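Colleague: Work out the full structure, taking the sequences as your base and the hints as a guide.
4 protein chains.
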Amino acid sequence: MSRPTLHPAFDDIAKRVNNWGRWGADDEIGTLNLVTGEVVREAAACVRSGHRVPLALPLRQDGVQTGVIPGRVNPLHAMVQINQEVFGPGTVACSDDTVTMGLQAGTHWDALTHVSHSGTLYNGRPAHTVTAHGGAEFAGIDKARHVVSRGVLLDVARAHGTDRLPGGHAVTPEDLEAAEEFGRVRVRAGDVVLVRTGQVRAYLAGDRHGYGYPSPGLSVRCPEWFHARDVAAVANDTLTFEVFPPEIEDLWLPVHALDLVEMGMLQGQNWNLEELSTACGEAGRYAFLLSAMPEPFVGATGTPVAPVAVL
Amino acid sequence: MSRPTLHPAFDDIAKRVNNWGRWGADDEIGTLNLVTGEVVREAAACVRSGHRVPLALPLRQDGVQTGVIPGRVNPLHAMVQINQEVFGPGTVACSDDTVTMGLQAGTHWDALTHVSHSGTLYNGRPAHTVTAHGGAEFAGIDKARHVVSRGVLLDVARAHGTDRLPGGHAVTPEDLEAAEEFGRVRVRAGDVVLVRTGQVRAYLAGDRHGYGYPSPGLSVRCPEWFHARDVAAVANDTLTFEVFPPEIEDLWLPVHALDLVEMGMLQGQNWNLEELSTACGEAGRYAFLLSAMPEPFVGATGTPVAPVAVL
Amino acid sequence: MSRPTLHPAFDDIAKRVNNWGRWGADDEIGTLNLVTGEVVREAAACVRSGHRVPLALPLRQDGVQTGVIPGRVNPLHAMVQINQEVFGPGTVACSDDTVTMGLQAGTHWDALTHVSHSGTLYNGRPAHTVTAHGGAEFAGIDKARHVVSRGVLLDVARAHGTDRLPGGHAVTPEDLEAAEEFGRVRVRAGDVVLVRTGQVRAYLAGDRHGYGYPSPGLSVRCPEWFHARDVAAVANDTLTFEVFPPEIEDLWLPVHALDLVEMGMLQGQNWNLEELSTACGEAGRYAFLLSAMPEPFVGATGTPVAPVAVL
Amino acid sequence: MSRPTLHPAFDDIAKRVNNWGRWGADDEIGTLNLVTGEVVREAAACVRSGHRVPLALPLRQDGVQTGVIPGRVNPLHAMVQINQEVFGPGTVACSDDTVTMGLQAGTHWDALTHVSHSGTLYNGRPAHTVTAHGGAEFAGIDKARHVVSRGVLLDVARAHGTDRLPGGHAVTPEDLEAAEEFGRVRVRAGDVVLVRTGQVRAYLAGDRHGYGYPSPGLSVRCPEWFHARDVAAVANDTLTFEVFPPEIEDLWLPVHALDLVEMGMLQGQNWNLEELSTACGEAGRYAFLLSAMPEPFVGATGTPVAPVAVL
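Residue numbers (the UniProt record's numbering), protein chains in the order written: chain A, 1 to 311; chain B, 1 to 311; chain C, 1 to 311; chain D, 1 to 311.
These aren't lab readings, by the way, just hints derived from the structure by calculation. Please read these numbers as outputs of a predicted model, since none were measured by experiment. Note that the Cβ used here is the ideal one computed from N, Cα and C, for glycine as well. Watch out, some of these pointers could steer you wrong.
Claimed, not checked - Partial chain B-side listing against chain D, Cβ under 8 Å, derived:
{"no.": "1", "residue": "LEU76"}
{"no.": "2", "residue": "VAL80"}
{"no.": "3", "residue": "THR172"}
{"no.": "4", "residue": "PRO173"}
Modeller: Right under this line is the structure:
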């Protein structure tokens, strides 16, 4: 199948990491196929103290979105019942609430269909299968139903001896391997890799604009490393996931396009890895059981997620 | 502390199951305190095949809500970007979406503050601490940050030799114990108990109205049993959680009031336990690792949840 | 310009009523161009008693939508502040609220871009100019900024001697002229015509399903009559606007396509014409000043409207 | 009826302008009662050229709200259908959209129940009649069904010889009378008064923060003037309506409390009076027919409005 060229620097890598057809022409979950029962058993075996570390940022109107990305609104929480004695005076009273939010607004997973390039989605499906009527007909986030695996924290910031990598720092495969060494851990097939840059500290300190840009993030060279290691999914603690501004002129969001379109690999953003960094450091262990189940919004191109690491 | 009387049948039980002050005057998570590191380690030890069973119903506009509960709207999924070449023609294209929904609309957790009675919430806090401005100031769902524990399926329907209990069947402590025996499992302190009635089969078969009412569900006698066993949380496969219509005239939602207000115990509704029933039956094991992390909506009185059982 | 054929019965009429280019290639408001200062002055001259009749149905969750049209949700009203003493205890207290709704859910105007056919919008613009990113780039409802004109009620139901036309009754040009005669009024260039079928009485009586279907409504023959009279806009008291089920097999929504795409004429649905029918009957006058300003949602393909007739 | 004291400076004025009981104990529309048929006829008689001037700001995500007021979100427009061939390939295609917004986010009316003070709403009703369950049970915006009257522009900015009054300028009764003189117009009973400060020019020029604060606006002395003239409603071109920061220490939103609670008079904010200023200046006439119908959101404490002046 011949496709139009996105960018010379991209096309070469794309060819090397492409997983189309690897799990069949009808596959909609990509690298999640790599999470076998054995991987999950090994994940469970990582649980030693039973310490549970939640990784989601609070969902609130004062969330990480600043309005720069149109339509990606922070959660609007509103009440439709407050202590309402639905069955008459003196009866039990109910409170109910609603939310409106961008599915990619907070701590989230990108569905494989969150981006397309050259008119094409993961597994060669046409981009036009995403419509306003039902969203993603193919590979919506509701198809990714089993995101529990071994998680590995690659604490790149700490391996660099810093709390937070500088804005614009491109995290390279060498950085990832240094973090493996720092954590005495090795990423294996089926793992969910969490890459800590420390960037979320800007948001936690109240600097929403500084959090977004400029941002450290994954280099365009990382997807090949993920592919070589047969990683199931990757998440980090930034808004943009990949380094921003980008490394190569006129090549925007190449990591998104490689991970989601070419490899079919879930990406997570705005994960809070601070408490986990401390916990792993104290435990001296960087592998754990990770549960990060997507909310099964049918046809959605992303979803809020409340991940938890169990050490 | 003297409180107004809700109903004679209620007040007696309430006294016996009340947990106010048990974990301190400032406690906001109630029986989740019972999930110790040891419980979590035992949960992890339940993982043998690595088989993962998701328990959430799909989130869609055609969800379980029928309009009977005002404001509790099914998810409205809408697109704000479709394959938008944000950075110019020929660049990587993005799709983004939004949702509006009742936080209790689908598979969800009730926060402890979802109901009050006699003007009072869990731990004796005044009901008026739930406001339109920020929601629940105390014991919002964002406080329940660590819902990973051992899960136990009590397959009451199957123990009764049926696929689905009849509408109006009140599940009793005797039913729960028969299900323990059926599954050769014993509920212990810190467990999250999943009570299967089979009622969700009505919804899955397309009968939304029949799903809601009349419904099998927990008897007013169950909370004492949960209290005696020191259960951490309970979820089931019905809209109303407790039997509906209720067992005692003029006593509405007594199980809600006992679980949430008196005991401080999370409740889950609209969980799909069908696949889990099959999996447990095939494995011959009814205990597993359960991860059911609330989405941390700040001040919310409920949250969608995407639970997963790992066997 | 040659266009693909929609349906033989349609294409003939389309040719006769087509207004593309009539007000220039860049026109985005179509027949609203016909509302001149003189027409507005004549509208003002219709005001004799000063009696004001509002024509919008209440906006509420229990509105006219039943869930049949995906995504077109009734208004969800929710509170974000209730008597909140924002500036400290004892200060002035504020209440604030939010809404989520389908823009075509209640009493509304369709924008010219609400429908396309054969890939084409009004004035020959390509349908793909409607995107998730900003909605209708061309002829969104925000362009229709001046909807005040002479209104004329054609009370077809009453002219037929009935409160409500039967479901499936196709309102013909002959019906419209009989209603003119009944009201001793003649539709002129620039008028906004309100066609009363009485169908909204079903909704007002609590029968939401019966309101929607089967429905009386405009015949495919009406647009030519509107074109001959140079009407500025048309609204009625039904969900579907045109007769439903349709008159011609395999030709769906032909009136929408003729009015919006070919003529560039605003359409209104779910207008409550009951009080107006009484008022006009009592006054013996069927022409009035009509104000029906669209809410200027940028790029929207429809909008709620709160029209008022002043007699 | 004795009420707690809000502030000495306030209580004196409140006594003088109070309209409780003036139109009966059950009245829910306050000064709108002053718009008689005669007033409406006089309004119609103001129409000479038929020139229509819309007064609403576009409804868009980049609206006037900056996030300072919690929950008052700018409109989020999203698509649920785009050129969807609902009835099969080659049929007429539909586009549908939804919105989520704060009802007071853009050009809007405050309902009488938008504020309370000392636990009390207009006409002495208790503040607690506003609930999350249905909103304002009394005097919701849906009760204000007939907002068509004579409009008068008081162009205070232009009367001061400026395009825009300085931030913090308190518009006084003397300013209003100077504007009457400037426009050779006299405000009469039942009029809707539009007070132009020019402040909206900040927003139109892209300065959202400068638009909000500091702001010119009505002085605490104005309500007495409105009361003396028996004005039906007042709107202006600012975010805060009244001067901000306020004139008297520790007395916040006194104009809101006087207008809405004491007088029962609708207030409008964020109206764009720029085009109207030009039109009135050119016509040499400052009175016109004004239609500003609230969208009838049941129980709402505010509503978007698309007002139009007809000269």
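Colleague: Tell me the numbers of any earlier hints that the structure contravenes, in ascending order.
Modeller: 3, 4
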